[in-house]
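Enquirer: Kindly generate the complete structure, drawing on both the sequences and the hints.
Going down the list, the sequences are from chains A and B. For the first sequence, counting from 1, position 184 maps to 184 in this note's numbering; every step adds exactly one. For the second sequence, counting from 1, position 498 maps to 498 in this note's numbering; every step adds exactly one.
Warning: the hint list may mix true and false statements.
What the hints assert, rightly or not - Below are the DMTMM-like pairs computed for lysine to aspartate or glutamate, each with C-alpha atoms no more than 25 Å apart in a straight line:
| no. | chain 1 | residue 1 | chain 2 | residue 2 |
| --- | --- | --- | --- | --- |
| 1 | A | K59 | A | D267 |
| 2 | B | K59 | A | E494 |
| 3 | B | K18 | A | D71 |
| 4 | A | K475 | A | D342 |
| 5 | B | K429 | B | E367 |
| 6 | A | K59 | B | E494 |
| 7 | A | K18 | B | E367 |
| 8 | B | K18 | A | D74 |
| 9 | B | K59 | A | E498 |
What the hints contain is simulated information worked out from the structure, not anything from laboratory work.
Protein chains: 2
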Amino acid sequence: MLLANPENVGSTPTLRAKRIGVHTYGEHIAFISSACRAYKPESFANINKIEISGPGGRKIVASLNIVENGDLLDAHSLGLSTAAFEMLAVPEGADVTFTLAASPRSMDFVRSKIRGERLTAIQVSSIIRDIAAHRYSKSEITAFLVASAAFLTADEVLYLTRAMADVGTRIRWDQKPAHFEAVMDKHCVGGIPGNRTSMIVVPIVAAFGLPIPKTSSRAITSPAGTADTMEVLANVDVDLAQMQRIVGAEKGCLVWGGHVNLSPADDILISVERPLSIDTPEQMVASILSKKVAAGSTHLLIDMPVGPTAKVRSAQEAAHLSKLFQFVARALGIQLEIVLTDGTQPVGRGVGPVLEARDVMAVLANEPSAPVDLRERAIALAGRILEFDPSVQGGLGPSIARRLLTNGDALAKMQRIMAAQGPPPGSPKLGTLVSEIKSPLTGRVGTIDCLRIARIARHAGAPVSKGAGIDLLKKAGDAVRAGEPLYRVHASVETDLEFATRMATEENGYHVA
Amino acid sequence: MLLANPENVGSTPTLRAKRIGVHTYGEHIAFISSACRAYKPESFANINKIEISGPGGRKIVASLNIVENGDLLDAHSLGLSTAAFEMLAVPEGADVTFTLAASPRSMDFVRSKIRGERLTAIQVSSIIRDIAAHRYSKSEITAFLVASAAFLTADEVLYLTRAMADVGTRIRWDQKPAHFEAVMDKHCVGGIPGNRTSMIVVPIVAAFGLPIPKTSSRAITSPAGTADTMEVLANVDVDLAQMQRIVGAEKGCLVWGGHVNLSPADDILISVERPLSIDTPEQMVASILSKKVAAGSTHLLIDMPVGPTAKVRSAQEAAHLSKLFQFVARALGIQLEIVLTDGTQPVGRGVGPVLEARDVMAVLANEPSAPVDLRERAIALAGRILEFDPSVQGGLGPSIARRLLTNGDALAKMQRIMAAQGPPPGSPKLGTLVSEIKSPLTGRVGTIDCLRIARIARHAGAPVSKGAGIDLLKKAGDAVRAGEPLYRVHASVETDLEFATRMATEENGYHVA
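Expert: This is the structure:
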C-alpha cells in the first residue's frame, strides 16, 4: 500500500511472479526491475522487507533488490529466489502483489530484552515461532541473540528450550525395551579435536540393547563433526523414516541431523550465531536440549571437556554450565548426567574425517595400535549410559562396556549399523601430500592447543577435503627430542599443504618443556 | 583457500568478473554458478562472506549467492552486484579469485562489548572505520548496535561521535563573519509532525547575516522530513560544491544531506537501526553530533520536544539526554544550546510535505491565517541562535527574529535561497482525494497523539506522495462539537485514502474531554 506509485489511482497493482534461480541460504530475495512503473523502485532504498501475496492468499516475506538489467527481469515481473518461489507456491507468471512487510510483532519483545527486561514464556515462544517461520531478518535474529547474550535468566533459558523444541519435529520411538521405557542420547559440548567417542559409544550401547538414535552435525568451525567422520564409513544422509527403520533393527544409528528437522529455529539461530562467534552458556543449553527433547531422548549423557583451549575453560565455568543444563533438563523431564573430561589436548591421534575414522575403527577392532585415550574415554562414557538402565548395578557400567568392546560385539554392531545406513558417498582416502612438523626443543610435551590444531587441520582442507588433517605422533606426557616430528599434516591440495605447514611452523600448538 | 575444490591441485583458480545489474542497498552480493567446478558451491551453504581479489590487488567483501540458471551466469564467471562491481573497479571479464572472508578484527571489540566491557577510543574507532569501509555485515552491525544499546558510557559516546565524524567529509566554511568565527546549526530531536521550524529559522538567521548551512534528512519513519518539505518549493538535491556556493551567496541553505557524505558510518548504522526501531539516547547523541562536527558547525541549537507521544517522553528523559549532549558537545568544541519545547501535539496545521510547505510559507509571508504555534516556535528558536552572536544582547534575540520575519526580510531570503537551489522536481499538488474525520464527542481537545497522526498521514501516502497528509482543523484547547471535523485526510490514491480513513476512524488520535 505504502509503495504503490501514487499515479496509479485504483487498487494495488499486480506483477507476474518469476523464478530467478538464485539460492540465497539466508533470507528470501525478491527482484524488481528499475523500469517497473507499477511500484516506484526508488522509494525502496530504505526498505528492508516486503510481504508478497500470491493469488491463493499465501504470503511470504523477502528482501527486495532492484535489477537494472532487462534481460534478467522485465518491468512487469517480480523475481523470486528459488526458496522464496517455492515457499510462495504459485505457478510461473502468477499475479502477485506486495506491500511493506511489517516487522513481526514479537520484535517488541526483543526490544524489551534489549532494554534489559525479563521475558515470559509466551513472549519467548512467539519470538521463536516467528523465527522458525522465517519472519525475522538476519538483523532481527542478531538483535535477539545479542540481547539474550547480555543476560538470560534460567527460566528464560527453559522457555527458550521448550519453544525451540515445540516448533520442530518430535520423534516418537517404539523401540523402547519393555522393562525400561527409555531412549539414550549422548552429546559432547565440543571444542576438542579427535573426540569421536560417539562412534564407539553408540555401538556399545546398542550392542547392550538400549536404543540410542544418534544424530550429529557436520563441522562448521571445527575440522570434523561426527557426521563428517561417519560419512567416511557409511551414508549419513538419512531421513526420519529410514532412521526409525535402522534404529528398529539395530537399536542405534549415527546419522546427520540435517534431514530430521529437529529444531528448525535452532538451525536458523546457529546460522546467524556462528559467523558472529557469539557463544553463551545459555544459548548452548537451549540449543542442545531443544534438539534432545525433539529427538525424543529420555536419558542424556553430556561429555564436557574442560581445558585451557576447550570450550569450557575452568571448573567454575563447568559448574555454572552444568547447573544450567540440570535445571532445564529436569524441567523438561530429561534424565541428565554430565561427565567432566580432560580437555587439555586432542583425543586420539587423528584430526580430520579420514584420520578420525581410522582411530575409531582401530578401537572397535581392538587393534594394539588403537589410541588408549579414545578407548578409555569411550568406555567411561558408554558405561555411564548403561548405568541409566535400572537393571545395571551402579559402578558396573564401565566393565560391561569394556566387555562389549573387547569381545567384538561393538565392532559387529558398528558394521551392522554401517550396512543399514548404506555405503558412503565416494571412497575418501588419506591426503597423500604430507609434511612433518618437528619439535624445535628436547623435552616433554605439556598441553596441546586444541584451537591451534583445529585451525591448522582446517587450513589443510578438513572437513571439505575428508582426507586432510593432522596425525599426532606425540601426545601430552611424551618425551620428544629436538628435530623429532610432533605431527604430520595431510592435504590433497598443494596450496593447502603449504598454507597449513606455514601456520604450523609459525606456531605448532605444542608446549614442550 | 578453504573453498578451493580439492580436486584442483595447484594455485587458487580464477573466475571472470561479470557485472550483474542488481542494486542491493545493503551488503555487496556475489553470484556463482552451481555448475562452477573451480570452487565447490555446495560448501558455501554456511559461509557468510567471501573476499574477492581483482588483478590490481583491490579486495572487496561480499555475500555469496548460488545461481542455478545458466542464462544469468556461466560456470566460469563470478557475478557481482552493481555496487560491488564498481567498488572492485575491474573491467568486465577480468580474472578474479576469492577466499573465505575473515571477520573484521574489530569484531573482537564488539564481542567485548557484548560481554559488558567498556571500549577504548582506539577500539571504538577501529569498529567505526571497518563499518564505514563496508567490512561489516548487517548482522555484525546489528550486534554492535544492540550491544551498545545495553550500555555505553558517556566516554564511549564521545569516542563514537568523534570516530564517526572522522571517517566522513569535513566541511570547511569560508563564510564566517569577521567579528565572529562561527557557523550556526539547528537540529530537532524529532517525533513531532509538522514541526518544520528549520524552514523559517534558516531564512531569519541568514537574513541577520550569520551562516547557517542546513542539511536535512528525508523522512524514513515520519510523514515528512525537512528535505521532503523543502523539495515542494525548491531543489534539495545539491552537492557540496553547490552548497558552498549557495551559502557563500545567501548565508543559508536548506538541502538534503544525502550527497554531502557527512557521516557515512552513521548512515550505515541508521540503515540497520531504523528497521529494528532501536533508538537509544547514546546513539542519538553520537549520530547528531558526529554530523554536526563533520558539517563544520561551531554553534548548535537543539529543539527537544517533550510530550507523552514525542521521542522524549518526560522531563527526566530530557535531562538525561541533555547532559549527554552537553558532555559530548563540550568535548568536541561545539557551543550547544538545548531548548525544551512543547511536544504534546503536532505543530502548525499541515502534516505531509505539501501541507507543511503551505504552513511555512504562510508564516514567512505573514499571512493572517498562518499557524501561530509554528511562528512563535520558530521565532523563539531563531532568537536563541541569534544570541550566539556576541554582538546581540542577551534576551534580544527573539525580538530581532520577529522583526526580520514581520518586515519581510526572512521571506525575501527564503525566496533567494529557493532560487539559488533551483526549481523543485515536478510541481506537487495537494492530494485531491479527501475525507473528513469527525469528533464523536462534544468537548475540548486535550493532547493529540503525534504517533497516531504520523501513522495515519503515512498511510495516506506521505512522504512518497508529497500531496498526501493531514490538515488539522482543531488543536489542543479548541472547543469541538460532536460531528464537527477534527481534521482532513488528503491522498492521491483511492486505496490510500480508504486505508488511512479506516485507521483514523478506528482511533483518531485526539483526546476530547
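Enquirer: Does each hint hold? Answer for all of them.
Expert: So, going through the hints one by one against the coordinates:
Our distance criterion of 25 Å between C-alpha atoms is met by K59 (chain A) and D267 (chain A), whose separation comes to about 23 Å. Note on K59 (chain B) and E494 (chain A): the hinted pairing holds, with a Cα-Cα distance of about 24 Å set against a maximum of 25 Å. Our distance criterion of 25 Å between C-alpha atoms is met by K18 (chain B) and D71 (chain A), whose separation comes to about 14 Å. Distance check on the hinted pair: K475 (chain A) and D342 (chain A) sit about 13 Å apart at the alpha-carbon level, within 25 Å; holds.
The suggested pairing of K429 (chain B) with E367 (chain B) holds, with an alpha-carbon distance near 20 Å, which does not exceed 25 Å. Pair hint K59 (chain A) plus E494 (chain B) holds up; C-alpha atoms about 23 Å apart against a cutoff of 25 Å. Restraint check: the Cα-Cα separation between K18 (chain A) and E367 (chain B) comes to about 55 Å, which exceeds 25 Å; the hinted pair is violated. The suggested pairing of K18 (chain B) with D74 (chain A) holds, with an alpha-carbon distance near 20 Å, which does not exceed 25 Å.
Annotation: proposed proximity of K59 (chain B) to E498 (chain A) holds, straight-line Cα distance about 23 Å (limit 25 Å).
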